[in-house]
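Engineer: Going by my numbering, the sequence shown opens with residue 1, and the numbers climb by one from there.
One or more of the hints may lead you astray.
[Said to hold, decoys possible] Dumping the calculated DMTMM-like pairs for lysine to aspartate or glutamate here, alpha-carbon to alpha-carbon at most 25 Å:
| hint | residue 1 | residue 2 |
| --- | --- | --- |
| 1 | Lys-91 | Glu-69 |
| 2 | Lys-68 | Glu-120 |
| 3 | Lys-91 | Glu-120 |
| 4 | Lys-68 | Glu-80 |
| 5 | Lys-91 | Glu-129 |
| 6 | Lys-8 | Asp-18 |
| 7 | Lys-91 | Glu-75 |
| 8 | Lys-9 | Glu-40 |
| 9 | Lys-91 | Glu-57 |
To be clear, the hints were calculated from the coordinates, so they are not data collected in a lab.
Bear in mind the structure is a predicted one, so any value in this text is a computation, not a measurement.
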Amino acid sequence: MYEVAKVKKIETRYDILDLLPPGPVVGVEVGTDTGINARELLLQRPSLFLWTVDPFEATKAFPEKGRKEAQRCYEERVGEFVRAGRTRHLKMTSVEAAERFGELTGGAVPDFIYIDANHEEDWVRDDLESWFPLLGTGGV
Numbered sequence: 001m002y003e004v005a006k007v008k009k010i011e012t013r014y015d016i017l018d019l020l021p022p023g024p025v026v027g028v029e030v031g032t033d034t035g036i037n038a039r040e041l042l043l044q045r046p047s048l049f050l051w052t053v054d055p056f057e058a059t060k061a062f063p064e065k066g067r068k069e070a071q072r073c074y075e076e077r078v079g080e081f082v083r084a085g086r087t088r089h090l091k092m093t094s095v096e097a098a099e100r101f102g103e104l105t106g107g108a109v110p111d112f113i114y115i116d117a118n119h120e121e122d123w124v125r126d127d128l129e130s131w132f133p134l135l136g137t138g139g140v
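Build out the structure end to end from the sequences listed, making use of the hints.
Structural biologist: Shown next, in the form of structure tokens:
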């Protein structure tokens with residue numbers, strides 16, 4: 001006979017925090033943009049250390065002015081958590097950050113990885129293939 005695990009329904013992106021064990025956790029947010037999600041995650045889980053990833057580079061979809069404004073908003077929204085030592089930003093592409101994650105973070109192993117960067121199929125595939133191997137056992 002097989003035992004069926006109960007799966008908690010995730011209604012909002014912040015419900016992923018309820019899937020994590022109690023105590024300190026390490027998370028990664030790929031595609032942090034203006035920092036709205038990063039701030040909310042940090043507010044909801046005081047024991048969270050969050051690595052954020054975004055190159056803040058201009059693209060056709062996000063022109064230069066928009067990316068500079070996104071970075072300014074991010075710094076304003078998340079600055080208090082940077083000063084408190086609860087978050088650090090990796091200003092690089094998702095794939096580059098994944099490739100260098102261990103080196104840049106002193107060997108941190110994420111308990112969760114939230115991917116919300118470029119939504120084009122090839123980019124999403126690259127993000128998943130790059131980040132999944134870095135996820136800790138039992139991670140989300």
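Engineer: If a hint holds in the structure, say so; if it does not, say that too.
Structural biologist: Comparing the hints with the structure gives:
1. Annotation: proposed proximity of Lys-91 to Glu-69 holds, straight-line Cα distance about 15 Å (limit 25 Å).
2. Among the hinted pairs, Lys-68 with Glu-120 is consistent with the structure: their alpha-carbon atoms are about 22 Å apart, no more than 25 Å.
3. The hinted pair formed by Lys-91 and Glu-120 meets the criterion: a straight-line CA distance of about 20 Å does not exceed 25 Å.
4. For the proposed pair Lys-68 and Glu-80, the alpha carbon gap of about 20 Å is at most 25 Å, so the pair holds.
5. Using a Cα cut-off of 25 Å, the hinted pair Lys-91 and Glu-129 holds, with the two alpha carbons roughly 20 Å apart.
6. As the CA atoms of Lys-8 and Asp-18 are separated by approximately 9 Å, the hinted pair is consistent with the 25 Å bound.
7. This hinted pair checks out: Lys-91 and Glu-75 have alpha carbons roughly 12 Å apart, not beyond 25 Å.
8. Taken as a hint, the Lys-9 and Glu-40 pair is honoured in the structure, with Cα atoms around 19 Å apart against an allowance of 25 Å.
9. A distance of roughly 9 Å separates the Cα atoms of Lys-91 and Glu-57; the hinted pair therefore holds under the 25 Å criterion.
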